[in-house]
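My request is simple: use the sequences and hints to build the entire structure.
Same order as they appear, the protein sequences are chains V and Y. Note that the numbering used here has the first sequence beginning at 1, numbered continuously upward. Note that the numbering used here has the second sequence beginning at 1001, numbered continuously upward.
Think of the hints as simulated: they come from the structure by calculation, not from any bench. No residue lacks a Cβ here, since even glycine has one placed at the ideal position from N, Cα and C. Be careful, since some hints might not be right.
[Said to hold, decoys possible] Here are the simulated distance ranges between beta carbons:
#, chain 1, residue 1, chain 2, residue 2, range
1, V, L91, Y, T1262, 42 to 48 Å
2, V, L91, Y, Q1128, 45 to 51 Å
3, V, K132, Y, R1290, 46 to 52 Å
4, Y, G1002, V, Q33, 45 to 51 Å
5, V, I39, Y, E1271, 28 to 34 Å
6, Y, E1271, V, L52, 26 to 32 Å
7, Y, R1016, V, L66, 54 to 60 Å
8, Y, K1019, V, L44, 34 to 40 Å
9, Y, P1094, V, L44, 33 to 39 Å
10, V, D93, Y, G1098, 23 to 29 Å
11, V, D93, Y, P1029, 25 to 31 Å
12, Y, E1271, V, A149, 52 to 58 Å
Letter by letter, the chains look like this.
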Amino acid sequence: MNTVYQPIRYFVSPSRGASMNDTMIREAQERLQAEIDPITRIRLDPQKAGLLEALAVFDRCEVEPLRKPGLLAVYMLLDAAFSRHCGPLELDDPGLNRRILDGDYLYSLYIQYALKCKEEALLRGLAPFVKKVQISRALGRSGSVQLAAAFEQALTGQKEAK
Amino acid sequence: MGLHTKLRIDLRQIDREMKRIVKYDKDVPKDSELERSLLKTIEAGGKRLRPMLVLVGSRFGDRKDDSRIVQLAAAAEFIHTASLIHDDLIDRSPLRRGEPSLHTLIGPANALYVGNYMSARVVELLAQVEEPDGSEQQQPFTAVATAELCLGEYEQLEHAYDYDLGLDDYLLKSRRKTAHLMAVSLEFGARAGGAPEELCRRLYRFGEHLGLSFQIRDDLLDFTASAKQLGKPSGSDLLGGQVTLPVLYALEDPQLAAEIRTVGPDTSPAELGPLLDKIRVSGALERAERFCDAELESAREIARSLSLYAAHADLLTLADELGGRKF
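Right, here's the structure in full:
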């Protein structure tokens, strides 16, 4: 007798989904904190709403579950790098050096960590977006950074290329 | 004869490529402050050492795509220039090579974003690199993973005016802040030229020794070069709290150490003058010079072990020229 295997479908209630998201966020944060060199004293404290938006994007793009924590960590690093360099900068600000260095370090780590997670295609997809954000800022256009949308575009591009 | 001439490198080609990278970016508005700042920064020049290292590295391979290698060489200079713009902000340096630094011209935020643009533009360019076999490789991006460089900066901030700094801490900071990018440039060029992996790693080690000697030479010049040669007053490193190798050696003399330990953020350049003179005659500079020479000799040993490659002569030229540089 031939057995036909059906994929198991889990029903995820809203509360169960929320708890899965929390676990995913915690896992991504823990992975990242282990990557960050202690000398930097950087503590990541991302906005949960932004992370949930990113997770929703990953779902829409049908990202495999095992890939999600790494991808979320990459998202957190780029988001943190952007936010450290955002806003007015004054030479007499005692926190200026830290902000510059933290932003530079987090951006480098974003590249390094994406490579570690084998997300070169994502790096390639996001590269023009990252550059355009810097151009906008250099031109004094301080609009908000649509990071989740950029991830969606890059991930969709990857899916279509397969 | 300049280093580039001895290495048979046309630096104008590098500068042209750097400008082309900016001008061919359709996302940078023509004649915007951003474009003007980028072009002005490129025109201000520099030693162009990292691009030269990329080109020399590529000579160890057999791929002959000159235009691609030149683009990668220009990209290496973009990464270095971006770090200098941010360094000037961190150090609040009003001058760069004797000219007003970028942040004094366009403000700190815009200067920061000019540096960020340069890094991001390099990633965008590298994203377009296709390996000869059509595969996507990690290799091009590793050149822009400059976390090591940032860690060197953190070390420097952490240890400002720290006169208990150990030699190992100093060496770690110098490897991260200076030697790593020089070593990566050479390795990056070799990989782009198609050199085998073991050779790329040996070139990295050569670059690391060369880079460390380059940093120590820089430390020495803070005591020996004129303000005109340096583009900043001599003793600036000590005044800014950087505990360099000559200072570490000088700290071994109890009398000198007591004076050095009084140097802090409020010390004036005039107050520092007599102390600089004492350090100059203490023997500390000669000891740092010997350390620098030992690093250069380690670099030369690696170069000589590569004598099967014609380009090994270029490595020896690099060691000779950078070892004897005056500013």
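Which constraints among the numbered hints does this structure fail? Numbers only, ascending.
Numbers 1, 2, 6 and 7, in rising order.
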